[in-house]
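Visitor: From first to last, the protein sequence lines are chains A and B. Following numbering that gives the first Met the number 0, the residues of the first sequence are numbered contiguously, the last one being 254. Following numbering that gives the first Met the number 0, the residues of the second sequence are numbered contiguously, the last one being 221.
Careful, some of the hints might be misleading.
Stated by the list, open to error - Chain B regions said to be covered by chain A (calculated; three or more residues, Cβ under 8 Å):
1. 145-152
2. 158-165
3. 210-221
Bear in mind the hints are in silico, worked out from the structure with no lab data behind them. Positions of the beta carbon are idealized from the N, C-alpha and C atoms, including for glycine.
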Amino acid sequence: MADTPGFFGRLANPTFFLKLSGAVLPWLTGLTVILMLVGLYLVFFFAPPDYQQGETVKIMFIHAPSAWLAMMGYSIVTIASIGSLIWRHPMADVAAKAALPIGACFTLLALITGSLWGKPMWGTYWVWDARLTSVLILFFLYLGLMALWQAIEEPSRAGRAAAILAIVGSVNLPIIKFSVDWWHTLHQPASLTRLDAPAIHPSILIPLLVMMVAFTALFFVLHLTAMRTEVLRRRVQALRLTQVDAARAGEGARA
Amino acid sequence: MHAFIRLVARDVRLTLREGGAVSTALGFYLVVVAILPLGLGPDLNLLSRIAPGVLWVALLLAALLSVERIFHNDLEDGTLEVIALGPLPLELVAAAKALAHWISIGLPLVIAAPILALLLNLPANAFWILLLTMVTGTPAISFLGSVGAALTLGLRRGGLLLALLVLPLYVPVLVFGISAMNAVITGPASFLSSYLILCALTLATVVLAPIAAAAALRLSLA
Numbered sequence: 000m001a002d003t004p005g006f007f008g009r010l011a012n013p014t015f016f017l018k019l020s021g022a023v024l025p026w027l028t029g030l031t032v033i034l035m036l037v038g039l040y041l042v043f044f045f046a047p048p049d050y051q052q053g054e055t056v057k058i059m060f061i062h063a064p065s066a067w068l069a070m071m072g073y074s075i076v077t078i079a080s081i082g083s084l085i086w087r088h089p090m091a092d093v094a095a096k097a098a099l100p101i102g103a104c105f106t107l108l109a110l111i112t113g114s115l116w117g118k119p120m121w122g123t124y125w126v127w128d129a130r131l132t133s134v135l136i137l138f139f140l141y142l143g144l145m146a147l148w149q150a151i152e153e154p155s156r157a158g159r160a161a162a163i164l165a166i167v168g169s170v171n172l173p174i175i176k177f178s179v180d181w182w183h184t185l186h187q188p189a190s191l192t193r194l195d196a197p198a199i200h201p202s203i204l205i206p207l208l209v210m211m212v213a214f215t216a217l218f219f220v221l222h223l224t225a226m227r228t229e230v231l232r233r234r235v236q237a238l239r240l241t242q243v244d245a246a247r248a249g250e251g252a253r254a
Numbered sequence: 000m001h002a003f004i005r006l007v008a009r010d011v012r013l014t015l016r017e018g019g020a021v022s023t024a025l026g027f028y029l030v031v032v033a034i035l036p037l038g039l040g041p042d043l044n045l046l047s048r049i050a051p052g053v054l055w056v057a058l059l060l061a062a063l064l065s066v067e068r069i070f071h072n073d074l075e076d077g078t079l080e081v082i083a084l085g086p087l088p089l090e091l092v093a094a095a096k097a098l099a100h101w102i103s104i105g106l107p108l109v110i111a112a113p114i115l116a117l118l119l120n121l122p123a124n125a126f127w128i129l130l131l132t133m134v135t136g137t138p139a140i141s142f143l144g145s146v147g148a149a150l151t152l153g154l155r156r157g158g159l160l161l162a163l164l165v166l167p168l169y170v171p172v173l174v175f176g177i178s179a180m181n182a183v184i185t186g187p188a189s190f191l192s193s194y195l196i197l198c199a200l201t202l203a204t205v206v207l208a209p210i211a212a213a214a215a216l217r218l219s220l221a
């Protein structure tokens with residue numbers, strides 16, 4: 000591995016990462032903008048209002064992609080954590096840290112849009128249903144991980160501590176996935192991943208899928224940008240430390 | 000194995016002789032359970048309906064208070080480094096300390112629970128179930144807590160951070176412990192299915208948590 004580094008080995012070099020992500024980012028941003036515009040057009044002018052839910056069904060086009068990103072964000076944190084614990088991959092650390100606030104935001108967005116939809120549909124902003132509760136716990140896990148990053152100053156130690164916690168917390172993801180099947184309460188079971196019979200009419204399904212892809216692309220744009228910022232932040236930190244050292248050495252020489 | 004039992008016995012003895020560790024946890028448990036009826040009103044029907052939940056949540060909080068000390072004292076006086084250098088793998092050290100926490104703090108809280116249940120008018124047929132589910136569930140609380148204690152070892156504001164990190168992980172234990180009790184009190188759900196999941200949660204935690212705790216301890220000791 001030391002002689003011929005593979006793709007992931009080369010990614011460990013922050014300069015290579017900055018170059019690659021800098022090349023990819025404009026294209027990805029453009030793709031996101033186009034997908035978002037197409038998706039929003041479809042949502043507002045193509046998708047019909049539901050015969051029961053009326054126009055409130057449009058909330059779903061934000062809610063479902065946010066909920067999906069809440070879970071995908073945590074999966075990315077978990078995979079990156081495994082990468083940083085096993086291979087000590089320096090960019091895995093950065094990837095895990097950068098994904099946390101973005102994932103937390105989408106989790107919060109899923110919770111808020113869900114409760115805005117719940118008020119007219121279920122008659123209440125919040126129910127202690129299994130699915131809602133487990134997403135709320137996912138949000139708390141995000142907050143705990145972010146707090147742990149803040150509490151430990153040294154980045155490498157904070158990264159490994161957060162990685163351990165993230166892997167322990169990843170036990171929560173399957174619980175979210177299966178909670179609807181286990182408890183069968185108010186929240187509807189998954190309707191997208193059923194292959195046998197389409198539960199959603201194409202006029203709703205197509206805009207929803209476009210929005211899903213658009214949101215996913217948006218996540219990666221934000222994630223790559225946050226990772227680049229984190230790499231640069233660490234460089235600035237290192238530069239400042241060397242400046243302080245140099246200043247101290249200068250003072251020592253004068254004294 | 001010998002060293003493992005010795006370590007458990009040492010930690011239990013230290014906690015019991017420290018004075019205040021066990022009684023603080025018990026006192027906190029009593030106060031939390033006693034203060035809730037003041038907020039909710041003295042309606043005995045309401046209290047008996049929410050008794051399982053109140054007893055479990057208060058026990059969680061009382062146990063959480065002392066979880067921080069699983070590794071803290073030993074890190075401060077350097078014992079932890081000596082133990083880490085010894086023959087026992089760090090995973091077993093973490094397991095021994097979590098087990099000692101369960102014996103010295105968890106078990107007394109469980110034994111106090113039926114007495115506090117009298118205050119909340121818990122139905123008479125639920126007392127044995129209360130003891131059974133709590134004896135089964137509390138090891139998971141100690142072992143998960145040891146992971147949080149190891150992660151926050153030596154940090155400023157470690158105690159508050161510990162609660163933020165660990166409480167979300169306690170949710171499955173809480174849910175299945177209470178649903179097993181409610182199955183007996185109100186029916187019609189099956190007691191056994193919830194109880195067996197609670198057993199599974201505890202067994203999985205007892206096996207997996209020491210690995211995570213040991214990994215976290217290596218960070219603080221390095």
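Visitor: Are the hints correct? Go through all of them and say.
Guide: Going through the hints against the structure:
no. : hint    : verdict
1   : 145-152 : holds (count 3)
2   : 158-165 : holds (count 3)
3   : 210-221 : holds (count 4)
Against the hints set out earlier in the document, no violation occurs for any number.
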